[in-house]
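K.L.:
Turn these sequences into a full structure, and let the hints steer you where they fit.
Chains A and B are the protein sequences, given in the same order. Heads up, the first sequence is in my numbering, so the first residue is 1 and it goes up one at a time. Heads up, the second sequence is in my numbering, so the first residue is 245 and it goes up one at a time.
Since the hints were derived computationally from the structure, they do not count as laboratory data. Positions of the beta carbon are idealized from the N, C-alpha and C atoms, including for glycine.
So these bits of chain B aren't anywhere near chain A, every CB distance computed over 10 Å:
1. Ser368
2. Val379
3. Leu426
Here are the simulated SDA-like pairs of lysine to any residue, each with C-alpha atoms no more than 20 Å apart in a straight line:
4. A:Lys235 to B:Val297
5. A:Lys179 to A:Asn10
6. B:Lys306 to A:Asp69
7. B:Lys328 to A:Leu34
8. A:Lys114 to B:Lys274
9. A:Lys235 to B:Arg252
10. A:Lys101 to A:Tyr55
11. B:Lys274 to A:Ala195
12. A:Lys63 to B:Arg373
13. A:Lys235 to B:Lys449
14. B:Lys349 to B:Ser338
15. B:Lys314 to B:Tyr369
16. A:Lys101 to A:Asp202
17. A:Lys114 to B:Thr372
18. B:Lys449 to A:Tyr236
19. B:Lys274 to A:Leu193
20. A:Lys223 to A:Pro191
21. B:Lys386 to B:Asp326
22. B:Lys365 to B:Ile387
23. B:Lys278 to A:Phe112
24. A:Lys114 to A:Arg154
25. B:Lys278 to B:Phe248
26. B:Lys449 to B:Ser412
27. A:Lys47 to A:Ile9
28. B:Lys365 to B:Glu317
29. A:Lys223 to B:Leu260
30. A:Lys20 to A:Gly167
31. A:Lys63 to B:Lys328
32. B:Lys306 to A:Arg70
33. A:Lys63 to B:Ile324
34. B:Lys314 to B:Leu426
35. A:Lys235 to B:Leu254
36. B:Lys274 to A:Tyr115
37. B:Lys278 to A:Asn194
Below, each chain spelled out in residue letters.
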Amino acid sequence: MPKKEEKLINKDGIRSDGRKSNELRPTKIIVGNLPNADGSAYIEQGKNKILAGVYGPHEVHPKHLALPDRSLLRCRYHMAPFSVDERKSPAPSRREHELSKIIRQALEPAIFLKYYPRTSIDLFIEVLQAHGGTRCAGITVASLALADAGIPMRDLTVACAAGKIDGQLVLDLNDIEDKKGEADVPLAYMPNLNAVTLLQMDGQLTLGEFEDAVRLSLEGCKKLYNIQKEALRAKYVSKMEDEE
Amino acid sequence: MPIFYEKRQLVTPGDLIAEGKYIAGENTFKDNEKLYATRVGLVEYKERQVSVVALKAFYIPKVGDTIIGKVAEITIGGWILDIKAPYPAVLRASDVIERSYRPQKDELSSIFDIGDLIIAKIVSYDRTRDPLLTVREPGLGKITHGQIIEVTPTKIPRIIGRKGSMISTIKRETGCQILLGLNGIVLISGKNLENEQLAVMAIRKVEDESHTSGLTDRITELLQKEKEGKIRNA
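P.N.:
So this is what it looks like as structure tokens:
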């Protein structure tokens, strides 16, 4: 007897974790939580828990990697062994290598790398608990860590995914939706400059659905941007209010 | 020419500050007549120029700056200093030794050893070369006594105050010698530990409350109160 598939969206259009189709997961962001790093940030998005730390700009080691005309951005996306249901080997996997690269490419356009030739900016993204959409949350939190380090940027970068589950387009997929759903479209965006720095797709969508998914992710990015910006301001605003 | 942020308002990277014929000052950039912030900081207007006073930044070397560095490495021709900037600084042996420098005979570690703190001045620096230092001026050289504290380099002008009002207040009230390295390292040396700690406390307070007004008066008040308290306790 075939097992009855559990629905990802119920009759009322509510998803498995109680969200509506265009709703983000509850998000909490803290900026500057690691005093040892030059800049840092922490994000909790649903069950995702991700830390980001930045060092630099500083001298490049090994020296031969230094670029004569700009700073070298190095990025490491890493998942803790305890971040998923079954222990993940701490060695960087093929997937982590790829994500490190795409996160770097999503953040590079925002940074004024030309200001600091012959230096490197080292970015570390540590996923403590993964529950779908960690690349997007990683980009969002890394951008804040860079801003916290005092690295000049054109804009904050914010990322969010949209996807298709049970034949319907939804925003900000979680782990279950990502695995059982039909498609996933992660997108990174610089809101003030209106520029997309990352666009991927996994699964199958029609051309029209794809365009709608992009529009939906952009909408999500804009909502998330407000949370992101507020978190960055909160670090300083709270300080100012204390004194008044 | 609209302005979207008032003077001394907080901005984050990417915030549109103003539109129109403004000049992009520090920590801002211009794109199609639109001026955006590039760092977290407070907006400042000076005639047509719009700039952002960064709340957190790192030190960028500038020729003529007096800085405090730590010896990180000894090479054949001199020392490499960590000056809390993206680039390490070079101090040549020939700059320090009066007569001509002989690498076979002169032991550089007996002059400045690793970990020594040195007050120096930047003589040359550009994008292609690391900053070059000198200690051949009065007041420069190895630090022998006092306390070192680190502050954000962008706060140094605030610690100096308008025409040096803040720093002279702290010096007068605590009786300490204070040397501000423009790279954010501050040397404090006083007659005794209490005075030094008082000065450290005052500087920390200035750093924390740098964006508020009337700070010099409050610092004066604070230091006088602290001093009175000490006398009463003694």
